[in-house]
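Protein chains in written order, with this note's numbering: chain B, 1 to 416; chain P, 1 to 591.
Just so you know, these hints were derived from the structure itself, not from any lab.
No residue lacks a Cβ here, since even glycine has one placed at the ideal position from N, Cα and C.
Misleading hints may appear alongside valid ones.
[To be verified] Some residues of chain B that are not near chain P, with every Cβ distance over 10 Å (derived):
1) Leu67
2) Val216
3) Ala339
4) Phe359
5) Ile370
[Claimed, not checked] Beta-carbon label-pair distances, calculated as ranges:
6) P/Val14 <-> B/Leu73: 44 to 54 Å
7) P/Leu21 <-> B/Val204: 15 to 25 Å
8) P/Glu208 <-> B/Val51: 21 to 31 Å
[To be verified] Covered, in the sense of this in silico footprint (three residues per stretch, anywhere, with C-beta under 8 Å from a C-beta of chain B), are these stretches of chain P:
9) 204–217
10) 488–496
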Amino acid sequence: VRSRVVPTEWPLVALAALLTACGVAMVYSAGQTDVPNFVAGLWRTQIVWAVLGVIGAFVTSRLSVRLLEWGSLPLYIGSTFLLLLLIFIGTGAGTAASTKSWLAIGGVRLGQPSELAKIAVVLMLARVLSNWRAAPTSLFALWQPALIAGIPWLLIMAQPDLGTGLVFIVIFFAMLFWSGVSWPLLVMAASPGISLVLAFSTGVWGAWFLLLLALVAWRRPSWLESAALIGANVAMGVVAPILWERLNPYQQRRLLVFLDPSSDPRASGYHLIQSQVAIGSGGFFGKGFTDGSQKRLAFLPAQHTDFIYAVVGEELGFLGVSLVLVLFCILLLRTVRIAGRSTSPFASLTAFGLTAMLFAHILENVGMTIGLMPITGIPLPFFSYGGSFMLACWLSIGILALISSEGRGKADGLVI
Amino acid sequence: VSFHPNKVQERARVASALLFLVFLFLGGSFFRTQVLQGARYHLQSEENRLRELPLPAPRGVIYDRTGRVIAENLPGYAISLLARNEDSLRVMMRRIGAVVPVSPEQIGAAVRRYRREPTRPTVLFPDAPFALVSVLEERRVEFPGLIIQSAPKRHYPDGPAVSALVGYTGEISEAELGQEAYAAYKPGQQVGKDGIERQYESRLRGQEGARYVEVDARGRVVRDQARPDLVPEAPPALYTNIDLDLQRFVYELFGDSLAGGVVAMEPRSGEVLALHSAPTFDPNEFIGGIPHDYWQQLQADPRRPLYNKAIKGTYPPGSIWKLHTAIVAMERGLVDMDDRQPLPCTGSFQFGNRAFRCWKRDGHGHTTLATAIEGSCDVYFYQLGLKIGLQDLVAGGIRLGSRERSGIDLPAESRPLFPTDPPKAYYDRMFGPQGWSNGVTLNLSIGQGENSQTVVNMARFYTALATDGAAARPEVVRGETERTQLFSLTPAQLRGLQGALASVVGTGTAIGSRLEGIAVAGKTGTAQNAQDLVNDHSWFVGYAPAEDPKVVVAVLLEFGGSGGRAARVATRIMEHYLKARVVAMPLTDGP
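For reference, chain B alone in the conformation it holds in the complex (with noise of 0.2 Å):
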């Protein structure tokens, strides 16, 4: 056990504290609106949480990546305990009313359980990357991560929770990238998803499946896994309708909407329309801190959570809106560097898989504001108001912190 008297990464942790200033910050203004209601408090809750999650990150920065790595197991097998009991008890709140997110007790609102999933498959599909010996280079040899990661994104599907499961599919290949699998393996195990989504194009589907055929021609997988991919492409295609009238049908106008906002503006498409038009009408300079038109009046939806960043648009234009994605990009290459110090492969591999977790909310929320990606509806970091998140969030850095102290110490010998 060592002592620090300071912390190490400092940048790191600035950023995130400046970022959660800002983002406490925008939670006030929204619940700065014309006929108030309980947004206006929340913003008093919100720094709760966050002194709460710095406090939680300064603890977990003192432990080691050892017991990290130890607790990685119990704590993948709790949370998806935790993930598996909500099929059956979970409630929802909020601005995720809809969906069985939320664990309660008795009444008691306690937590999302996902947001410790993306940390603990994190930490486990680091653990078991790790321990390969070398980059694996057949498809079959990937199904340890893939169950992994797969259990966890089932139940979160199960809720159904569209956002987060987004963002199991965006660590689940940026660990596998950061372990060394080549890029065409790494889209031969992507394309039955692929497949997925663009067999609603009977055109586009087949372009697509051309082009796997060249990538397996090319790289010659062993007959049943060339079997395996093409029947699981060729069954994607078939099965996606078939999907695609199974989702609720708000998940369907949510798509459906992300496609073409204008196709149902009073209802889903509201959301979207009214996010651009208060980000539009921000302008350069913005309508200034709390004063956001928009979102005074109601019509911004979600405000204090999925749409924060909309109100970020509206009152501080593109001035604000530029400064929070640089100090986010920044935060991010940050990261990645501790990523690629840190010597201890378990390491360098959770530094990375937080990197993508942060990377995926970040896109996704910041890119459905403007409609660059569908209305999943999950928070952005250190902004949208929200407990489970924000601890998340802070312990990530926490982790992060520890990561970079432990790889650096080693390497420079800098300990304090």
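Guided by the hints, dock chain P onto chain B, whose structure is given.
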């Protein structure tokens, strides 16, 4: 796992580059939305935020010829509602109905207005009484989206005295909204429904203003005057030729007992000095929706108060049309003032196997044209008509304007009924080729038969007689004088006719209507009609002073009996005008 530092560094570079590109793309997308398309989205957010509440404009004030007010605007209130959808409108109406009385008709009307223009505040009470306004104002918080605003209310200080003339206003109807002429109108707006109000709608309609309020996503008004008001503008006032004093006099003269129509005109300019139809109604009652029982009462009245007897009613002209016959004959050189007809009047005239009677049973004797006009001898005109012949009589009558509207600037003037040229085809069509005889010529020559004229058209014809043969188009609102030469007689012939008309009132059929100090010329008419075989319509059209006509008055009394009665009404109007006119002179040019 290949975790050689070099390989990891390479992956880190790839990941960093990818990250950077994604963020660049996100930034670019925001640049596009916020900077390049910012103006468009800004407009959309303004549209979201601001709701335009129309501020009704006052209508133009209508003045008489001396600057007295005929129609003005009083402060009133309109109550409307910003509703998100039809259901919320109904719910709100029901909740308001728990506080103040709301009829099912009012709910129906509000729903119709909403359907037509859902983004505008829906007018619930176009003309809300003060009591209702104060009740709702007090409990305003209970009704989000309720808008109480001042709305100018039309008012006619002389009410029933001017109704035939000025008409009234009302909310634009569903049918009108569908017409192209009303394309610029919105439901709930007021529009001229009749009379001057309708005829001059485009000049009387003000420019609607707007108040901008800020509403939230649920349509609740959160801030008043989010942007400076667009002030409604009243159009310039409308000046009429009406002499309000004379108009009031006519109204009082008719009182409640007489039914009929009156038009008084300045003979040279065509300026309409007074126009009245009795019995009348109070147009003020019509503003803000006609009360059901008042409407029923007007509808049920057998004397038809809503029917404008001065411009819409057509009546057989009777003897006042004898001047047409005389002019047609004189123009053709068939008769002169001193000419007699072959047969004297013995009270009736044998034509074929039928006797055509004169109104005077003991006969007029052997009259000249002058004395035939003075005594209104039917037998004289039977013979004159036969001399002219049916073809020329009809063609001449048409040329004198018997098939034309007077062209008065009021809406829905009726077209007079008169045979077409050639008359043979007309009568064949009417009665079949064997169904009529030349007897129609006799009827036509004394103003009976297929001839039905409006009061205003007869007034117009007599402006030609009062002047130089040119008829002036009746003009209610000040405008260009428009005169049409109806006939061209020699000055001597015209003087002869005018002399005969003067003797009608001096010594003839209207002797009872002589005025002290004012010589009146004119012609009585007693028109038989199909509705009432006992009571004839009573006509008088004439002018005064006979030597220098200043006013032409046409009076019709429905079922009023002999023409002498109408003459008494007409001469009293002339007397009032000519005596009062001296007093009113300095004001004539007005504002």
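Hint by hint, here is what the structure shows:
1. Leu67: holds, 21 Å
2. Val216: holds, 24 Å
3. Ala339: The claim is violated: B/Ala339 sits with its nearest Cβ about 7 Å from chain P, within 10 Å.
4. Phe359: violated, 7 Å
5. Ile370: For B/Ile370, whose nearest Cβ neighbour in chain P is about 5 Å away, the distance does not exceed 10 Å, so it is violated.
6. P/Val14 <-> B/Leu73: 44 to 54 Å: violated, 30 Å
7. P/Leu21 <-> B/Val204: 15 to 25 Å: With Cβ atoms ~23 Å apart, the hint holds.
8. P/Glu208 <-> B/Val51: 21 to 31 Å: violated, 57 Å
9. 204–217: holds (count 4)
10. 488–496: Since three or more residues must qualify, the claim that chain B covers the region 488–496 of chain P is violated, with 0 doing so at under 8 Å.
Checked against the numbered hints listed earlier, the structure breaks hints 3, 4, 5, 6, 8 and 10; every other hint is satisfied.
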